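Q: Work the whole structure out from these sequences, hints included.
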Amino acid sequence: MAFDPLSIRSQFPILAQQAYDNPLIYLDNAATTQKPLSVLEAMHNYYLTANANVHRGAHYLSDKATDQFENARLRVAQFINAPQQSQVIWTKGTTESINLVAYGLEHLIQAGDEILITSLEHHANLVPWQQLAFRTGARLRVLPLTSDAEWQEELTHYFTERTKIFAVTQVSNAIGVHTPIEMLIQQAKQHGAFTLVDGAQAVAHYPVDVAKLDCDFYVFSGHKMYGPTGIGVLYGKHHALEVLMPYQTGGEMVSKVSYQATEFNVLPYRLEAGTPHMEGAIGLAAACDFVDQQDRQSMLAWEQQLANHVWVTLQKAANVEIYSPEHNATLVSLSVPNVHTLDLNAYLDSQGIAVRAGSHCAQPLMAQLGVTGTLRASFACYNTLQEAERFCDVLIEAIDLLAEE
Amino acid sequence: MTIKQQLQACRSKEETFKALVSLSKSLARLPAEEKTEEHKVKGCESAVWLIEQDIDGACYFKADSDAKLMRGVLVALLNLVNGKSKADIQAMDLANELAELNLGSYLTSSRSNGVLGILHAMQN
Ligand SMILES: Cc1ncc(COP(=O)(O)O)c(C=O)c1O
Chain F
1 MAFDPLSIRS QFPILAQQAY DNPLIYLDNA ATTQKPLSVL EAMHNYYLTA NANVHRGAHY
61 LSDKATDQFE NARLRVAQFI NAPQQSQVIW TKGTTESINL VAYGLEHLIQ AGDEILITSL
121 EHHANLVPWQ QLAFRTGARL RVLPLTSDAE WQEELTHYFT ERTKIFAVTQ VSNAIGVHTP
181 IEMLIQQAKQ HGAFTLVDGA QAVAHYPVDV AKLDCDFYVF SGHKMYGPTG IGVLYGKHHA
241 LEVLMPYQTG GEMVSKVSYQ ATEFNVLPYR LEAGTPHMEG AIGLAAACDF VDQQDRQSML
301 AWEQQLANHV WVTLQKAANV EIYSPEHNAT LVSLSVPNVH TLDLNAYLDS QGIAVRAGSH
361 CAQPLMAQLG VTGTLRASFA CYNTLQEAER FCDVLIEAID LLAEE
Chain X
1 MTIKQQLQAC RSKEETFKAL VSLSKSLARL PAEEKTEEHK VKGCESAVWL IEQDIDGACY
61 FKADSDAKLM RGVLVALLNL VNGKSKADIQ AMDLANELAE LNLGSYLTSS RSNGVLGILH
121 AMQN
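Chain order of the listed sequences is F and X.
Here my numbering is used: the first residue of the first sequence is 1, the next is one more, and so on.
Here my numbering is used: the first residue of the second sequence is 1, the next is one more, and so on.
Source of the hints: derived by calculation from the structure; they are not laboratory data.
All values derive from a computational prediction rather than experimental measurement.
Hints may be right or wrong, so weigh each one.
[What the hints assert, rightly or not] Cβ-to-Cβ under 10 Å is the rule here; a few derived chain X residues that face chain F:
#1 Ser12
#2 Glu14
#3 Lys18
#4 Asp66
[As the list claims (entries may be wrong)] No more than 30 Å apart at the CA atoms, straight line, and that leaves these computed lysine-lysine pairs for DSS-like:
#5 Lys237/F x Lys64/F
#6 Lys256/F x Lys64/F
#7 Lys62/X x Lys35/X
#8 Lys25/X x Lys316/F
#9 Lys316/F x Lys18/X
[As the list claims (entries may be wrong)] Ranges of calculated distance between the beta carbons of each label pair, as one might list FRET restraints:
#10 Ala91/X x Ala318/F: 45 to 51 Å
#11 Thr36/X x Gln386/F: 42 to 48 Å
#12 Ala47/X x Asn319/F: 21 to 27 Å
#13 Gly274/F x Ile51/X: 48 to 54 Å
#14 Lys316/F x Arg29/X: 29 to 35 Å
#15 Asn96/X x Lys316/F: 46 to 52 Å
#16 Ile51/X x Pro337/F: 40 to 46 Å
#17 Gly250/F x Lys4/X: 54 to 60 Å
#18 Ser38/F x Ala99/X: 40 to 46 Å
In this text, a Cβ means the ideal position worked out from N, Cα and C, and glycines have one as well.
A: This is the structure in structure tokens:
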């Protein structure tokens, strides 16, 4: 259990390449992380040695595949401290997990009920609730982003007897802010609302304990935590998963079918229609191993140190507006007055630096910040201090080149 | 050097970037009241406005963008078509003309859709 960014880096061969004759610097980790060899090997080995459809055939390979697939579920359950592995539902990602819940709870939502989200949400944790509200006549309410002290005051206006669902991100993908989820979940529970936490930006950085959080649902994507794309997780409390109406039906999720009626299978299968993403699940389990093999506290401290370095350097050296907190964030989101973020992005790209420019799937939040988009540099365990420094230098060059004369 | 030659002479992404920044300076900016929703070209990552004027049977476009590199691209595009008749513009293979401008390294796939949208608007 040790943490050394350089030795970690050697496990990510993709990072060793050049981009337009410059060393590639990958600072778009909040969009998706790169994958270590161990994850790639786990998926490769699955196809080399174990591939068969799961839960169906009674033969050697099918048993092997099913064992590996169900062990992956157990591994993910341990990773987030879910009491039972049947509480881990495989999905294709955060977006599907949230949709599954939004459709699954629809039968419990009535006109006049309230669905509460916050102003920090990614579109994935906004649009499914808005559409649910449209379908049912419920009201979508938005808890505004304010400083911690003001959160308390506002709360009583927003959590009401009518609040049926409260959905909140743990960490904002657009500006890196943490929400006080423990306190918010307690508030929501006092009002009898279902609680869903969007952990997409949290799982790669912070140890997650769903039992302690006490939320009804916790959702995340594999690809943002060093795992493969196309696999994600919906964790739920047992009773919360039980009330979800399956929003997809078909094979795997049934126990008895006639032309007249269908009996659904038990959890977790009831919510997993069709052949699952087997190698994705196995890759995600390997990603959990990868993350847990690190000294997580040092790894997080390292990522925060890189973000803080950028924050401090740019605050001093450049005419920038920074939207991320100075401390405890693993990304820096900023804009430069009178310079378009797409132009900054283009120059950084020409120097081999990958960042993200735009609204980060959070247009209402951008509108509140008064910008059309920001430039976001987001860090992962394999980034180095030299990369953070080079980002700052090149950004300052870009600002000089682009500032209006 | 013509605009086309300037762009064709660029040997790297960085050189293209700098050439577009330099071109952008020659674009006459549109006043705020002309930057209307109606004049906005759909599908561009940055905001782009395009206004067509007919002067004695010849087409003259005015354009603007909130992004500087896009303003450089607009200078190059306007240069291709301004002063020609609508029929001539419609007969041009603009996608090919665009390819000849050597903007490949600037026009990543998401951006090139936006630029093709501008060309489409010029022909229709
Ligand atoms: C906070 C947050 N929620 C949801 C999502 C959606 O994740 P996915 O596209 O993997 O479903 C993202 C990813 O961009 C995110 O950052």
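Q: Out of the numbered hints, which ones does the structure contradict?
A: 16
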